[in-house]
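Model the full structure from these sequences, guided by the hints.
These protein sequences, in sequence, are chains F and B.
Note that my numbering has the first sequence beginning at 1, numbered continuously upward.
Note that my numbering has the second sequence beginning at 1, numbered continuously upward.
If you're looking for bench data, these hints aren't it; they were derived computationally from the structure.
Quick caveat, the model's predicted, so the values are computed rather than measured.
Heads up, the beta-carbon is just placed ideally off N, CA and C, and yes, glycines get one too.
It is possible that some hints are incorrect.
To be verified - Listed below are several chain B residues computed to face chain F (Cβ distance under 10 angstroms; list not exhaustive):
(1) V4
(2) Q6
(3) F34
(4) Q38
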Amino acid sequence: NAGVTQTPKFQVLKTGQSMTLQCAQDMNHNSMYWYRQDPGMGLRLIYYSASEGTTDKGEVPNGYNVSRLNKREFSLRLESAAPSQTSVYFCASKATRGRIANYGYTFGSGTRLTVV
Amino acid sequence: GDSVTQMEGPVTLSEEAFLTINCTYTATGYPSLFWYVQYPGEGLQLLLKATKADDKGSNKGFEATYRKETTSFHLEKGSVQVSDSAVYFCALSEVMNYGGATNKLIFGTGTLLAVQP
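Printed below as a string of structure tokens:
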């Protein structure tokens, strides 16, 4: 019953450093998503992958890249971190076919990233 | 584009009080509507949903009715508990022009609920 697993849970980066946030789901979901959560702004979509092999930009893609490595894994990369990327990052997945498509998104527990 | 507007928090209530958190939306087509809850230090969990006009979603004593005429999906609970303290997010599922769902969720800014004993 792991659901959506995100690593790491916490990270501090210096400006200009790079890192990859990892996300894996074990529910055989087709679609996966990366959101960032900032105070007063709710959750904003960074990138998403509607199915294995496809990725698309969301609302705030600048400064990020993604890789849908296989059906289970969807990683988010910051090539050159900036203080404006200080946020809490959530990965989510969703089934898009069959009855389980009605159950909505499943979210990971988040990665709290601070860029100094 | 599509958007969701929630009442600003924090909302502070005493235990057993009645709760209403307002949510209105702007969308083309007929989106599905959701309420998610985020407990401290955790990710978001689906609380309830409604997929068409006049549908009522309900779960754990919470309910919300999809009102197309007022483009609203207000969250209500008759008697809140301390354990209901959390951030509540209203969201809609974007619908593309040809009627297919993109499956992208658009969120409101969230409303912090604090319930005091």
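Taking the hints in turn, this is what the structure says about them:
1. V4: holds, 8 angstroms
2. Q6: holds, 8 angstroms
3. F34: With a closest approach of 6 angstroms, the F34 of chain B hint holds.
4. Q38: Holds. Min distance 9 angstroms.
The structure is consistent with each of the numbered hints, conforming to all of them.
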